Structure formats: C-alpha cells, structure tokens
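Fit chain B to the supplied structure of chain A, relying on the hints for placement.
Note that the protein sequences, when read in sequence, are chains A and B.
At position 47 of the first sequence (counting the first as 1) the number is 47 in my numbering, and the numbers step up by one without a gap.
Going from the second sequence to my numbering is simple: count from 1 and add 112.
Since the hints were derived computationally from the structure, they do not count as laboratory data.
You may find that some hints are simply not true.
Quick list of the computed label-pair ranges, beta carbon to beta carbon [claimed, not checked]: (1) B:V331 <-> A:W92: 31 to 41 Å; (2) A:G109 <-> B:A221: 45 to 55 Å; (3) B:V331 <-> A:V107: 34 to 44 Å.
Cβ-to-Cβ under 7 Å is the rule here; a few derived chain A residues that face chain B [what the hints assert, rightly or not]: (4) V11; (5) L15; (6) G16; (7) L27; (8) R41; (9) A49; (10) V55; (11) A64; (12) G67; (13) V81; (14) A99.
It should be emphasised that the depicted structure is a prediction, and the values quoted were computed from it without experimental measurement.
Ideal placement from N, C-alpha and C gives every residue a C-beta, glycine not left out.
Listed below, chain by chain, are the residues.
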Amino acid sequence: MTYSAAEIWMVIALLGVGTFLIRFSFLGLIGDRPMPPFVLRLLRFTPVAVLPGMVAPLVLWPAATGGQPDIVRILAALATVGVGLWTRNVLWAVFAGVAALYVGLAVTGLQL
Amino acid sequence: MATSTVKKASKSAYWAGVRDGVPFIFVAGPFALLFGVIATDAGLTIGQAMGFSILVIAGASQFAAVQMITENAGIAFVLMAALAVNLRMAMYSASLVPFLGSAPMWQRALVSYLNFDQTYITSIARYEARPEMTVPDRVMYFLGVASPITPLWVIMTLVGILAGTAIPEAWALDFIMPIMFLAMVAPMLKSLAHVAAAIASVIVALLLVGLPSGTGLLVAAGVAMLTGAAVETWMEKRAA
Chain A
1 MTYSAAEIWM VIALLGVGTF LIRFSFLGLI GDRPMPPFVL RLLRFTPVAV
51 LPGMVAPLVL WPAATGGQPD IVRILAALAT VGVGLWTRNV LWAVFAGVAA
101 LYVGLAVTGL QL
Chain B
113 MATSTVKKAS KSAYWAGVRD GVPFIFVAGP FALLFGVIAT DAGLTIGQAM
163 GFSILVIAGA SQFAAVQMIT ENAGIAFVLM AALAVNLRMA MYSASLVPFL
213 GSAPMWQRAL VSYLNFDQTY ITSIARYEAR PEMTVPDRVM YFLGVASPIT
263 PLWVIMTLVG ILAGTAIPEA WALDFIMPIM FLAMVAPMLK SLAHVAAAIA
313 SVIVALLLVG LPSGTGLLVA AGVAMLTGAA VETWMEKRAA
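In isolation and in its complexed conformation, chain A is listed as follows (with noise of 0.2 Å):
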C-alpha cells in the first residue's frame, strides 16, 4: 500500500460525504411534493430489484473459494429462500441458511 495517511483520511471523508449525499438524494429534495403513480409503482419494487442482483454473483462465484462456485454456499442460499418463502419470516430464513451453510462446510470438510 502506497496511501499516506491523509489521502486514507481523504477517502474516508469524501466516502462519508459522497454517502451520506446519495442517501438523502431524493428523500431530502422532493420531501412531500407528489410524485407520479408509475414512478410509485416502479419504487414499490425496489428491495426486490435490488437485493437479489447483489447476492446473486457473491452465491455463484463466492470470493472465498476464488471465485469457483460452491455446491455448499449454493444449497444455503436456496435453504434460505425457500424457508423464507415458506414461512415468510426473515429470523428463520437466516437461521435455516446457516444451518444449511454449516452443516454442509462440516460434511465437506470430513470427505477432504
């Protein structure tokens, strides 16, 4: 690493500030002044846009195992979804994912 301190500072800082801008973009600007019915509807999707895409490549090509997919982080992360749909509760939704995750990591790890 080449960063002197105060150009880590520097990141820091303008990250923070950069941050901070893009999550009071629109919430701080258009406050209560209506917004049109198809913009609504389009926000209405918004966690499920967006939270699948972001975990889809970290379940497929997972950082840890350099990028090769891995039949165990897959398996927890369709246990996770399917409890999650089936009982539509997120505590037993991650606790299903990490018992899939560690049970298989376990089972795995005996055959090596």
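Same frame as chain A, but now just chain B:
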C-alpha cells in the same frame, strides 16, 4: 375531530423497531468484525478503520474501498467504485419518499444517515404492511430498527481490528451477508410481479457481472423494477 392536529410519535413504534432490529445484530456483527480484520490486514490504523465504519456505515462499499486502496488504485477510482456500490441507496431514498417525505428536514437527514440495507428493508416492509402508520411513527420505527444495529456495527469493527487474524476462515463469515440479504428479501416476494422482478434482477446482474462494481447492479435493478411494474399492470388488467 376534537383531537389535536399535532401528530405525536408513540414510543411503542420506536420499541417495535428495536425489537425488529435486534435479530440483525447476529448478522451485521460478523460482517463488521470481518471489516475490522480486513482493514487491519490492509494496513489501516485503528482510527482509519473506525472512521470508515462511523462516517460511511455501508459495509459493501467499505470493503470495496479498502480492497482498492491495498491495490494502490487512484483516489478518484477508489471513490467512484465505492460510491457506485452505494448508488442503490438512492433508490432506497426515493422509495422512502411516499412514506417519510413530510417528516421534518432534520429527521429526514437522520434517517438518511442511517439508511442502509437492513434498516431500509425492515422499515419498508413494516410501512407496506401497515399503511395506517403516521409519519412520526414511521420515523420512530426506523430509528428503532437502527438503534441496536448501528452501535454494534461500530463496536464489532473495533473487535475485528483488535482480534485481527484470529478469526478462522472456517467460520465462512463471508457468506453470512448473502444469507442475511436473501432472508430479508424472500418474505417480500408476495406476488407474481415481485417474483418476476427478483428473477429479472438476478439474470441481468449475472449477465453484467463483468462491469465495474455496482454499475451492473444499477442496470439490473432498473430492469427489475420495470419488469415488476409491467407484470403488475398486466395482472391488474387481466383481473379487471
């Protein structure tokens, strides 16, 4: 109505938020711990690593920035990559407008500072499920969700810095975050339109995975929102 027009926030909304936010300490904690470990490995001081977690509070972008700093990328590139990772939060910001737009400016600024994936998704799910919530209650609920997670994020970063490389790789902490996000999104797939949006998001994000970090996701999210809106419109026409 004889009651006052001043809407007061109820304490119960805040505590409902705290209750719904507590479970995330089990998943946000390991993620912050991991950041502390990686930042220390990269050669950052305690102050710098803590600076990231307090001033930025956006895990994925913090990892991206530290990774690029260790690769000696130019400052402009570090900032562009890390901010691109956070651009999804502009969408979060926009989607909170119908629910929180009429709150006072300082409250909107505070919510913005605390608007990260867990607080946003937990809160928006509550707002959608309970349309009768008042705006002050919505703000209190959001702050409630943030209350357990935010201090823990900072403390666990410090623990990671101090524990350093003592965290075994076998814990597979890298995969706790994907599990958490999938667990948050699965219960929100409540209609065919939502499922279609999620599938579109996955497909486009995988196709564009070669683009600089964060940018492919923005395209994927845009396509997914349009897909969801189109399917919903089609379903409404069919039902009519």
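Each hint, compared with the structure:
{"no.": "1", "hint": "B:V331 <-> A:W92: 31 to 41 Å", "in the structure": "33 Å, holds"}
{"no.": "2", "hint": "A:G109 <-> B:A221: 45 to 55 Å", "in the structure": "48 Å, holds"}
{"no.": "3", "hint": "B:V331 <-> A:V107: 34 to 44 Å", "in the structure": "38 Å, holds"}
{"no.": "4", "hint": "V11", "in the structure": "6 Å, holds"}
{"no.": "5", "hint": "L15", "in the structure": "5 Å, holds"}
{"no.": "6", "hint": "G16", "in the structure": "3 Å, holds"}
{"no.": "7", "hint": "L27", "in the structure": "5 Å, holds"}
{"no.": "8", "hint": "R41", "in the structure": "5 Å, holds"}
{"no.": "9", "hint": "A49", "in the structure": "4 Å, holds"}
{"no.": "10", "hint": "V55", "in the structure": "5 Å, holds"}
{"no.": "11", "hint": "A64", "in the structure": "4 Å, holds"}
{"no.": "12", "hint": "G67", "in the structure": "10 Å, violated"}
{"no.": "13", "hint": "V81", "in the structure": "5 Å, holds"}
{"no.": "14", "hint": "A99", "in the structure": "10 Å, violated"}
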